[in-house]
Amino acid sequence: YTDMPEYQQTGLSTYFATTCRECPAGCGLIVRTHEGRAIKVEGNPAHPVNRGKVCSRGLTAVQGLYNPDRITGPLQNGSEISWDQAVAQVSEALKADPQGVAFFLGLAPDHLFDLVSELTAALGAPPPVRYGAYGMFDARRTLTEAAKLTFGVPSMPFFDLGESDFILSFGANFLETWVSPLAYARGLSQMRRGKNNARGRLVVIEPRQSVTSGTADLWLAPAPGTEALVAAALANLVAARLGLSLPDDLASVDPKEAAAAAGIAFEKLQEVAAGFASARAPLALPGGSALAHANGLAAARAVLVLNALVKNLGRPGGVFLTPADPAASSFADVQDLVARMNAGKIHTLFIHGVNPVFELPAALGFAAALKKVPQVVSFASFPDETAALSTLVLPDHTLLESWGYQRTLAGADREAYSAAQPVVVPLHNTRAAADVLLSAARQLPTLAAALPYADEVEFLQARLLPLLESRKGFYDAPEILTFWSQWLQYGGWWPQRAGLEAPIVAELYAAAAPLTPPAPLASGELHFYTYPTQLGDGSGANRPWLQETPDPMTTVMWNSWVEIHPETAAKLGIHDDDVVKIVSASGEIEAVAYLYPAIRPDTVAVPFGQGHSALGRYAEGRGANPAALLPLSVNESGDLSFGDTRVSVQPTGQRRPLSRMENRHGVYDHAE
Amino acid sequence: MAEVTEEKMKWGMAIDLDVCTGCNACVTACAMENNIPFTGEDESGYGRGLHWIRIQRYWHGDYPEIKPDYSPMLCQQCGNAPCEPVCPVFAAVHSEEEQINLQVYNRCIGTRYCANNCPYLSRVFNWFDYEIPEPMAYYLNPSVTVRRRGVMEKCTFCVQRIHAGQEQAKAEGRPVQDGDIVPACAQACPTDAIIFGDLSDPQSRVSQMARSQRSFRQLEELGTEPRVIYLKGGGQYGG
Numbered sequence: 001y002t003d004m005p006e007y008q009q010t011g012l013s014t015y016f017a018t019t020c021r022e023c024p025a026g027c028g029l030i031v032r033t034h035e036g037r038a039i040k041v042e043g044n045p046a047h048p049v050n051r052g053k054v055c056s057r058g059l060t061a062v063q064g065l066y067n068p069d070r071i072t073g074p075l076q077n078g079s080e081i082s083w084d085q086a087v088a089q090v091s092e093a094l095k096a097d098p099q100g101v102a103f104f105l106g107l108a109p110d111h112l113f114d115l116v117s118e119l120t121a122a123l124g125a126p127p128p129v130r131y132g133a134y135g136m137f138d139a140r141r142t143l144t145e146a147a148k149l150t151f152g153v154p155s156m157p158f159f160d161l162g163e164s165d166f167i168l169s170f171g172a173n174f175l176e177t178w179v180s181p182l183a184y185a186r187g188l189s190q191m192r193r194g195k196n197n198a199r200g201r202l203v204v205i206e207p208r209q210s211v212t213s214g215t216a217d218l219w220l221a222p223a224p225g226t227e228a229l230v231a232a233a234l235a236n237l238v239a240a241r242l243g244l245s246l247p248d249d250l251a252s253v254d255p256k257e258a259a260a261a262a263g264i265a266f267e268k269l270q271e272v273a274a275g276f277a278s279a280r281a282p283l284a285l286p287g288g289s290a291l292a293h294a295n296g297l298a299a300a301r302a303v304l305v306l307n308a309l310v311k312n313l314g315r316p317g318g319v320f321l322t323p324a325d326p327a328a329s330s331f332a333d334v335q336d337l338v339a340r341m342n343a344g345k346i347h348t349l350f351i352h353g354v355n356p357v358f359e360l361p362a363a364l365g366f367a368a369a370l371k372k373v374p375q376v377v378s379f380a381s382f383p384d385e386t387a388a389l390s391t392l393v394l395p396d397h398t399l400l401e402s403w404g405y406q407r408t409l410a411g412a413d414r415e416a417y418s419a420a421q422p423v424v425v426p427l428h429n430t431r432a433a434a435d436v437l438l439s440a441a442r443q444l445p446t447l448a449a450a451l452p453y454a455d456e457v458e459f460l461q462a463r464l465l466p467l468l469e470s471r472k473g474f475y476d477a478p479e480i481l482t483f484w485s486q487w488l489q490y491g492g493w494w495p496q497r498a499g500l501e502a503p504i505v506a507e508l509y510a511a512a513a514p515l516t517p518p519a520p521l522a523s524g525e526l527h528f529y530t531y532p533t534q535l536g537d538g539s540g541a542n543r544p545w546l547q548e549t550p551d552p553m554t555t556v557m558w559n560s561w562v563e564i565h566p567e568t569a570a571k572l573g574i575h576d577d578d579v580v581k582i583v584s585a586s587g588e589i590e591a592v593a594y595l596y597p598a599i600r601p602d603t604v605a606v607p608f609g610q611g612h613s614a615l616g617r618y619a620e621g622r623g624a625n626p627a628a629l630l631p632l633s634v635n636e637s638g639d640l641s642f643g644d645t646r647v648s649v650q651p652t653g654q655r656r657p658l659s660r661m662e663n664r665h666g667v668y669d670h671a672e
Numbered sequence: 001m002a003e004v005t006e007e008k009m010k011w012g013m014a015i016d017l018d019v020c021t022g023c024n025a026c027v028t029a030c031a032m033e034n035n036i037p038f039t040g041e042d043e044s045g046y047g048r049g050l051h052w053i054r055i056q057r058y059w060h061g062d063y064p065e066i067k068p069d070y071s072p073m074l075c076q077q078c079g080n081a082p083c084e085p086v087c088p089v090f091a092a093v094h095s096e097e098e099q100i101n102l103q104v105y106n107r108c109i110g111t112r113y114c115a116n117n118c119p120y121l122s123r124v125f126n127w128f129d130y131e132i133p134e135p136m137a138y139y140l141n142p143s144v145t146v147r148r149r150g151v152m153e154k155c156t157f158c159v160q161r162i163h164a165g166q167e168q169a170k171a172e173g174r175p176v177q178d179g180d181i182v183p184a185c186a187q188a189c190p191t192d193a194i195i196f197g198d199l200s201d202p203q204s205r206v207s208q209m210a211r212s213q214r215s216f217r218q219l220e221e222l223g224t225e226p227r228v229i230y231l232k233g234g235g236q237y238g239g
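Residue numbers (this note's numbering), protein chains in the order written: chain A, 1 to 672; chain B, 1 to 239.
Incorrect hints may appear among the rest.
Said to hold, decoys possible - Partial list, computed: chain B residues near chain A (C-beta under 7 Å):
no. : residue
1   : Gly22
2   : Arg57
3   : Pro142
4   : Ala188
5   : Pro190
Worth flagging that the hints you see were computed from the coordinates, not collected in a lab. Since we're looking at a predicted model, the values are computed, not measured. For each residue, glycine too, the CB sits at the ideal point set by N, CA and C.
With these hints in hand, go ahead and build the complete structure from the sequences.
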């Protein structure tokens with residue numbers, strides 16, 4: 001520095017509180033900076049979501065900020081333009097027919113979604129579509145609809161794992177990406193340590209063993225698509241034990257038949273039901289992979305009914321309603337957007353915080369639909385697959401250079417807003433998407449009055465004013481600037497005490513979705529399962545240390561693999577490290593086989609996140625993208641039923657050794 | 001300012017395998033704190049990755065009653081370390097001040113004897129200079145040395161954080177308290193499975209965990225006297 005800022009002292013580190021944007025959970029971060037450079041990401045110990053903890057994705061945020069492949073300035077059709085030209089173009093687009101303007105936003109950040117919602121309302125344009133791989137894998141719309149069916153309120157529920165002593169999870173991979181992984185991992189830790197040394201138990205029901213079910217005390221592997229039947233069977237067994245009655249649609253399920261359809265021993269289900277019914281604080285979790293089927297809504301509802309049966313609603317260790325706005329769109333909304341794009345009804349599409357060409361099923365044809373849109377504006381910070389097909393690329397800052405906030409979705413025991421602030425000055429000629437939109441809006445008389453904010457910070461302060469006025473926070477301030485300085489210092493706003501609403505069972509006996517079992521597998525057919533890893537929605541693939549952090553279950557680094565049960569592999573003549581071709585009705589991919597002993601023999605699994613054709617040197621040309629195999633079928637809530645994918649697997653005759661940590665030590669313990 | 005008597009602390013770590021989920025956040029945290037270079041797909045596939053801590057995953061049982069068994073493996077900071085006597089240039093030494101095993105990078109001549117003698121395979125070698133392209137090198141931690149080709153390296157219990165914590169306590173005129181000093185892995189650990197502290201203080205959390213009925217040490221029978229204590233997992237309580 002020629003002129004040292006007052007907070008800066010040579011040789012000493014400065015710490016800033018901000019909010020992670022690697023996934024929508026909204027964890028609080030403290031970033032160590034040293035002489036203007038971001039050094040290390042740490043958790044914010046006061047934050048109600050993560051309490052000082054941080055996951056691999058958050059830790060590598062600095063490798064995003066300092067990524068050598070970032071987009072360094074605004075581009076039009078690949079050539080550099082000035083920000084003035086860029087803003088003029090955006091302004092032009094907003095002047096044209098408002099029905100032809102569309103926004104496609106990711107699940108983070110919330111403040112941009114709020115701003116765009118204001119903008120589209122003022123403009124008379126359709127509201128923004130908000131979707132991404134995280135929403136897809138959690139089947140969020142299905143969960144909120146099931147909450148509406150069961151509790152009368154469309155809310156993302158909060159599950160109090162920490163105070164529970166028996167957790168029954170239906171495919172909720174809460175140690176990896178489900179809703180709020182750090183909050184729920186802490187909950188698991190508390191549950192395991194238990195009260196008075198009474199160690200809590202975790203039972204996980206999912207077709208393939210994940211990090212979460214690997215940690216479980218009991219793992220049961222149902223056939224994909226039968227999770228709804230298993231949940232209904234357990235509800236019957238639990239209701240019988242407690243002497244309660246069930247709604248007709250659930251009562252009509254025969255537990256023995258359900259167990260047979262799922263391929264689980266009936267005695268195991270009885271054991272689980274007994275444990276669940278007799279626990280002090282039992283809790284059932286409806287995870288995304290159980291809901292991503294044609295009968296997903298029925299599965300979600302059966303799981304919520306399980307909670308209602310043991311009366312844990314609003315009790316410690318139970319289910320709570322959150323004030324988080326369940327504004328996420330469903331896959332059906334995205335399909336609707338694509339249909340409008342294909343019909344030539346959209347003249348300008350704005351994309352922020354999501355990489356649809358990579359994240360969504362290839363069968364959706366998003367890339368082809370983009371060609372029908374005259375002006376595609378991408379706010380991507382990195383040269384991803386969608387930015388490559390955009391006419392205008394207006395790079396946003398990365399999270400460590402950004403202002404904003406995130407409402408914590410369902411990971412905190414209280415209402416919480418998490419604050420984001422820049423920890424370093426922007427590295428490149430980037431500009432906040434909110435500022436670009438506000439500058440463009442200012443040039444239009446109709447919008448200028450509706451959006452009277454000078455810049456992003458003024459917009460944020462206007463949105464924070466109701467929090468200040470509510471006087472519910474753990475700090476108080478006479479006016480917004482004092483509030484703002486505390487907001488930035490503490491990293492957000494939340495009440496002093498925990499407190500969430502208790503759900504009320506509104507219509508437990510209302511008719512619900514039919515509980516149809518999946519069709520049997522044809523000969524040579526296998527169930528296909530895909531799941532998110534530490535690479536998250538795939539945007540983590542350009543962080544070399546996320547690539548070199550081994551996958552916990554397989555210890556594979558830097559590539560994709562397909563998990564095949566050793567028996568199935570032997571039948572198909574496949575060995576470890578063989579390249580195999582996986583074919584579904586929608587497409588095909590090639591990946592390297594990993595003989596995985598903890599998966600159903602009738603199921604194969606490929607992790608999500610690799611297989612990029614863009615996104616820079618660390619991501620490109622590595623592994624395969626399972627989105628190529630996914631179908632377009634949706635469940636009753638409009639969420640993609642990716643769990644119903646079926647594939648065939650054939651060897652290609654080629655081999656490609658995977659880079660795996662376990663090479664050095666062998667797969668099996670010497671004791672075995 | 002109050003007079004602070006400087007007592008040597010016996011740093012130790014306890015890892016509770018019952019709450020360790022194997023998530024690998026410690027692995028990433030360690031790499032980001034300690035300027036550990038990434039080596040790429042080929043080199044890491046040859047076993048040349050520079051992980052100072054890794055999660056060993058062993059399968060137990062057969063489908064469907066199968067379960068992974070995770071154990072985070074890092075330098076065990078042996079009291080009687082097999083790596084030390086074999087180093088011809090005294091690069092692998094037991095430090096007087098912190099009483100831990102340290103690697104003196106500018107002494108190391110790369111014989112790799114220490115790694116060959118380490119029963120925990122916790123030492124890693126810089127086979128090459130690994131490029132960190134601009135501007136990615138901006139995030140390198142100024143408190144930690146950047147190593148070059150031909151040098152052995154390993155977990156230091158985040159010795160830079162031990163020093164920072166000691167200096168902070170000294171500046172405030174008080175002794176170091178339990179929980180003041182947290183290595184990067186323990187700080188990140190989402191389930192608080194990793195606890196760090198002073199083993200000579202019987203009240204510290206790490207000492208309390210070390211006295212647990214579930215505690216054991218890796219390859220104890222070799223007489224290495226590890227300072228990393230593991231607590232059995234899988235619900236196996238009472239020894």
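Exercise. Classify the hint on Arg57/B as holds or violated, based on whether any CB of chain A lies nearer than 7 Å to its CB.
Key: holds (6 Å)
Quiz item: Does the CB of Pro142/B sit less than 7 Å away from some CB of chain A?
Solution: holds (6 Å)
Practice problem: With a cut-off of 7 Å on the beta carbons, see whether Ala188/B makes it to chain A. | Solution: Since the shortest Cβ distance to chain A is 5 Å, the answer is holds.
Self-check item: Status of the Pro190/B interface restraint (C-beta, 7 Å, chain A)
Solution: Since chain A brings a Cβ to about 4 Å from Pro190/B, closer than 7 Å, the hint holds.
Quiz item: If you take the shortest Cβ to Cβ gap from Gly22/B to chain A, is it below 7 Å?
Solution: holds (4 Å)
Comparing the model with each numbered hint stated earlier shows that all of them hold.
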